[in-house]
Amino acid sequence: MTVNLHQPASLVLHPDRLLPTDPRVRDIARRLYDAVRDLPIISPHGHVNPRMLLDNVPFRDPAELFVTPDHYVTRLLHASGVPLEALGVGQGPLSETAARAAWRLLCEHWDLYRGTPVRYWLESELVEIFGVTVRPSAATADAIYDHLAERLSQDEYKPRALFDRFKISALATTDDPCDDLAVHGALVADPTWSGRVIPTFRPDRYLEASEAGWPTLVARLGQVSGEDTSNYAGWVKAMEARRQYFISHGATSADHAHTDCGTEPLQPSEAERIYHAAVAGTATLIEAVALRRHMLLEMARMSTEDGLTMTIHAGVRRDHHQPSAARFGPDTGHDIPLRGDFTDPLRPLLERYGTHPNLKLVLFTLDESTFSRELAPLAGFYPSVYVGQPWWFLDAPDAIRRWRSAITETVGFSRTSGFIDDTRAFCTIPVRHDMSRRLDSGYLATLVAEHRLDEDEALETAVDIVTRLPQEVFKL
Amino acid sequence: MTVNLHQPASLVLHPDRLLPTDPRVRDIARRLYDAVRDLPIISPHGHVNPRMLLDNVPFRDPAELFVTPDHYVTRLLHASGVPLEALGVGQGPLSETAARAAWRLLCEHWDLYRGTPVRYWLESELVEIFGVTVRPSAATADAIYDHLAERLSQDEYKPRALFDRFKISALATTDDPCDDLAVHGALVADPTWSGRVIPTFRPDRYLEASEAGWPTLVARLGQVSGEDTSNYAGWVKAMEARRQYFISHGATSADHAHTDCGTEPLQPSEAERIYHAAVAGTATLIEAVALRRHMLLEMARMSTEDGLTMTIHAGVRRDHHQPSAARFGPDTGHDIPLRGDFTDPLRPLLERYGTHPNLKLVLFTLDESTFSRELAPLAGFYPSVYVGQPWWFLDAPDAIRRWRSAITETVGFSRTSGFIDDTRAFCTIPVRHDMSRRLDSGYLATLVAEHRLDEDEALETAVDIVTRLPQEVFKL
Amino acid sequence: MTVNLHQPASLVLHPDRLLPTDPRVRDIARRLYDAVRDLPIISPHGHVNPRMLLDNVPFRDPAELFVTPDHYVTRLLHASGVPLEALGVGQGPLSETAARAAWRLLCEHWDLYRGTPVRYWLESELVEIFGVTVRPSAATADAIYDHLAERLSQDEYKPRALFDRFKISALATTDDPCDDLAVHGALVADPTWSGRVIPTFRPDRYLEASEAGWPTLVARLGQVSGEDTSNYAGWVKAMEARRQYFISHGATSADHAHTDCGTEPLQPSEAERIYHAAVAGTATLIEAVALRRHMLLEMARMSTEDGLTMTIHAGVRRDHHQPSAARFGPDTGHDIPLRGDFTDPLRPLLERYGTHPNLKLVLFTLDESTFSRELAPLAGFYPSVYVGQPWWFLDAPDAIRRWRSAITETVGFSRTSGFIDDTRAFCTIPVRHDMSRRLDSGYLATLVAEHRLDEDEALETAVDIVTRLPQEVFKL
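Protein chains in written order, with UniProt numbering: chain H, 1 to 476; chain B, 1 to 476; chain D, 1 to 476.
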């Protein structure tokens, strides 16, 4: 059982990983999984930088690919005492020395990730995509680094080649409303490229009037849209214009992330009044929150008109540790979830648009207690509502099983969003989708083994979840 | 695996459905289930219309029996775009054409229910009660409709025959305090009927002084009870009188459903003052809520005196979608749960009556996070408190397992209510109780297989749960 | 299956209890468990009275050992109608008659504990420590009582002998800041004793300025510490002094239990003002809460300086049933959990000290919804934060499994506290630690069986959890 340093532990993926251990159930799960494992990937929400695919330059080094930009990876190292600096966070491109040092830190702390999906994804990437055969450790770090660096220099490891190899049929990025989407346009115009890469409209910051810099942001929104954003009516027109611009570049959804999902409307005059105060920097925090809720309702109204699927990722305290945020920027591992609440906050929206034939509203949460209590009951009545797949901290084997267990009995499978990888780590895309397919196969197999579902229906459902369902929800 | 339209998929119930899949555990579960499967059904809380049993007229059609009045069924069709009108909701008796169309809509969307208890119940009813042998679908809808309609015309499918066949030893209905209970009286007086059908006192609306129509309601309460309900003291006397009336007609429990379960008392003069304001229509919402909490405490006091078991179903936003409520009425699928809270809200009640030998208080929730956090700890100390079985959205196999897992370690089995079907769908009663017995057998079998409980004790517990326990809790 | 009264059911412990039932998974779990089952016990937080070990007098009787002081045991009897008086609660030493009667009540209600960890612990203690071979019941109560009483009179059942037999390498008690720790000192000075028994600093009451008696408490704190506690600055100095005193007697941690874990600071002048008002008995409840949160932040600051590990047990309504508290005192079974909330309340503390190299902050909760939502994300970023093991109502097999499932995917194993028994029931210590080891072996075995972890790493982790981890977190 002890690890021989001269003979490092091997790294092997078992074909039945994540499937049920009971042999009778596993046999069913294998059959279901075989039917979906090689189907193309639809990735309707994520954070990949489209320039990577336009420019198609090789990934710089293993640290850039696996460590530095991925807060799933860096946060647990940080928790164990590794400074974010040492991992290259917030420092731009790293020297070879720094990149190797960051990679070595990951390998030296490989044990930290035992039992986590990060470990599962990293192992799958290393073995399946890069052909690594030994377990990362202090002893093997440099050899693996060299192996990976060599692979990254090959043409078949450049972004476009991997995109094809991953069988991604559609990839959505996440973009600022003022983005000119030139990269997306260039990709469409590129005759050597045929992949589908579409933008997603993400207007969060333009709804948060209490944040520093908001007046500047909406002023820029006015410039870009050609509307007068010194008043609320102009803000609405500007948003509508930018959504149309996004739609003309292929967007099919708009994403909204706020600490709560309140949608209480204001009187029009009150909305104007607060908006003016916010532009002048005199709105109170309470007023700014009220305005944001009013604006979110307005965004839902726009979705009923222009058809962008509306996704809400609610309930996170962003940048919990201000010193780290100040030094390393956002998305550095200390966004912490809050209690969720949907039933009352969404009521104004749903009373107006919950049965609107043109609205698709996908609700994501990090509060598991809302799965059976609020999300499934809402999606089980309102034609517009879908339960989003487990997200972020909950995008993990046991959490996904709990989610299926908590929501299926109220909404079945048809009122769910399909899998969303929501990642900025490009090489985890195939691995995350594969994990989801394995888990759904296992869940469905358990229903079959308990005689709650016939296998032909389980098979149909397994396929539906990764094909028709995301196409319907995200209008792809 | 593809369905041959000329040879529709068969509909068969496996004898081991819902039992553990591990063969060693399943064998234990089978033995436990065998000991309880045929025991009579005690149904201490539900919504069956007693007139059905008094008049004993055949069920009108399959839509009335399985679709139109059952919001468990209609809500998921609605979510998938089927208008409630098309299902006959809120339209009174349907024509044969409309009934057939509603039934066909259910069959065409049979896949929506995969993995849900609704599907499980419907399949069990169709096979076990009605002898259907093919899976519902667009292709088989009409043939099944005809099959069911033919069965419904037979004497053995009339309500009284089914009541006997289901082995229901006691059935509680849910009734308005002003109800004259003539139907219950007529059943008792009927020499050709020997079943036990008892009313339940459900005074919710009389405690909600902020609701439109409340002054009219309490005025009527005064008329029916012969008390002067223009003041609070008279309201109390009227309630006491009507409870006595119910008790004289066999009632053993009173049911209370409000958005919260606050029980903070008011000063007597303050209660009078708010009551008067409410009668005059000038009470504020906050005053009305305070009055309701005071009244709920008063109802607990009455229970200690007259012995009616007090059940609380707390934490639901009723009629979430007002447009649907306005058009189709209440109980049409859009009551949505809220966060639960019991520890502090119930404290005034429990400090007064929590150890009173005559009080039995059963707490139901739709917020799973309260299972281990509040309900089990309360029931694990207060002699008056019992944890209610999973209810509504949680009356489902996985949710029931989670409930047992979350509460048993704190309260064992003795502080639980026994199974409550809480249904208006008559033919689901045996099926729901059977589901519960299977799940409890599985849970107990797992305890045995993990060597946490000897099998003789598991067997005794399995029987106790469906016999002595509901008799004790509901004083039957 | 019926119990023959002349041949009582036997009481036997299965060697595989609590391990997974699937034979392939169980085989792995057995190997992991074998590696940890006999390792010494580290008990870094609990409520054993150290005088017991100093005086080493035999346990008085089975009631004192198993029933009367243990609210885990008495509460469920109370819920079932047994008065706390009849169990000897709050009555000091019992006569032999009273002790026997209390024991008999437990045996007569043995069925109440089916499925609970209390039952599991009691059975393990009776069999493994005391050699009981028949199941407790009305029929066997007296014989078992006599058997136990006989054992208790033997030298090898005296506290020190049991301490050795249990292989306890370190045992922390819980102590008032004004305690002179003479007992701990005497144990250290005793040449016939070599066990490690250390105090824990538990200042709760000194932070709750709204509680009756608080001015008296802080006055006494002033006397004991030699500081002037008539002002806040003196209170701080007094606390610092007492912490040093505890550290000089071996303490390595300070424990804090409040209804919430707010840490919002006050302006220094405002803290002084409220403190003065509180000493004068004129502070409002809101002011007292604000002061307590300020004080809790101050305690964290002290921990960064003196190195005491800070544990927080938050979110319990103590003495929920005031009549019982008045009659029987605290800790008599009616402390009831509240909703948990960590993300925002702890933010002031974590912004200041969350990355401080000298702080170790262990967070315990009774609200399972916070496991994946708040505790794991916090511990997954902040180097100071650890997720506390399931506590109290959650110190139970299924709850521990849910905890591992909910937190491991975010924090792995390294950010957890190791097992804490937190008990005043001395003989449950080995049994609780053994339960935890079995459950962790089962959890790790499942990861191995699902091919999410190699067995050599699972083995290393199983050992780490019970050796290095608690040593690191509690600086032992």
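Don't read these hints as lab results, they were simulated from the structure.
One thing to keep in mind: the hints can contain errors.
Output of the computed footprint for chain B on chain D, the stretches with three or more beta carbons under 8 angstroms from beta carbons of chain B [stated by the list, open to error]:
id: 1; segment: 9–19
id: 2; segment: 42–48
id: 3; segment: 103–116
id: 4; segment: 316–327
id: 5; segment: 366–374
id: 6; segment: 455–461
SDA-like mimics (lysine to any residue), calculated; alpha carbons at most 25 angstroms apart, straight line [to be verified]:
id: 7; chain 1: B; residue 1: 475; chain 2: D; residue 2: 31
id: 8; chain 1: D; residue 1: 475; chain 2: H; residue 2: 110
id: 9; chain 1: H; residue 1: 158; chain 2: B; residue 2: 345
id: 10; chain 1: D; residue 1: 475; chain 2: H; residue 2: 111
id: 11; chain 1: B; residue 1: 475; chain 2: D; residue 2: 83
id: 12; chain 1: D; residue 1: 475; chain 2: H; residue 2: 52
id: 13; chain 1: H; residue 1: 475; chain 2: B; residue 2: 82
id: 14; chain 1: D; residue 1: 475; chain 2: H; residue 2: 83
id: 15; chain 1: B; residue 1: 237; chain 2: D; residue 2: 109
id: 16; chain 1: B; residue 1: 475; chain 2: D; residue 2: 111
id: 17; chain 1: D; residue 1: 167; chain 2: D; residue 2: 31
id: 18; chain 1: H; residue 1: 237; chain 2: B; residue 2: 111
id: 19; chain 1: B; residue 1: 475; chain 2: D; residue 2: 405
id: 20; chain 1: H; residue 1: 475; chain 2: B; residue 2: 475
id: 21; chain 1: B; residue 1: 475; chain 2: D; residue 2: 108
id: 22; chain 1: H; residue 1: 475; chain 2: B; residue 2: 83
id: 23; chain 1: D; residue 1: 475; chain 2: H; residue 2: 54
We put the beta carbon where it would ideally sit given N, CA and C, even for glycine.
Hint check results:
no., hint, result
1, 9–19, "holds (count 7)"
2, 42–48, "violated (count 0)"
3, 103–116, "holds (count 6)"
4, 316–327, "holds (count 6)"
5, 366–374, "holds (count 4)"
6, 455–461, "violated (count 0)"
7, B:475 / D:31, "violated (51 angstroms)"
8, D:475 / H:110, "holds (24 angstroms)"
9, H:158 / B:345, "violated (61 angstroms)"
10, D:475 / H:111, "holds (21 angstroms)"
11, B:475 / D:83, "holds (22 angstroms)"
12, D:475 / H:52, "violated (47 angstroms)"
13, H:475 / B:82, "holds (20 angstroms)"
14, D:475 / H:83, "holds (22 angstroms)"
15, B:237 / D:109, "violated (41 angstroms)"
16, B:475 / D:111, "holds (21 angstroms)"
17, D:167 / D:31, "holds (21 angstroms)"
18, H:237 / B:111, "violated (42 angstroms)"
19, B:475 / D:405, "violated (40 angstroms)"
20, H:475 / B:475, "violated (56 angstroms)"
21, B:475 / D:108, "holds (23 angstroms)"
22, H:475 / B:83, "holds (22 angstroms)"
23, D:475 / H:54, "violated (53 angstroms)"
The structure is inconsistent with the numbered hints 2, 6, 7, 9, 12, 15, 18, 19, 20 and 23, although it conforms to all the rest.
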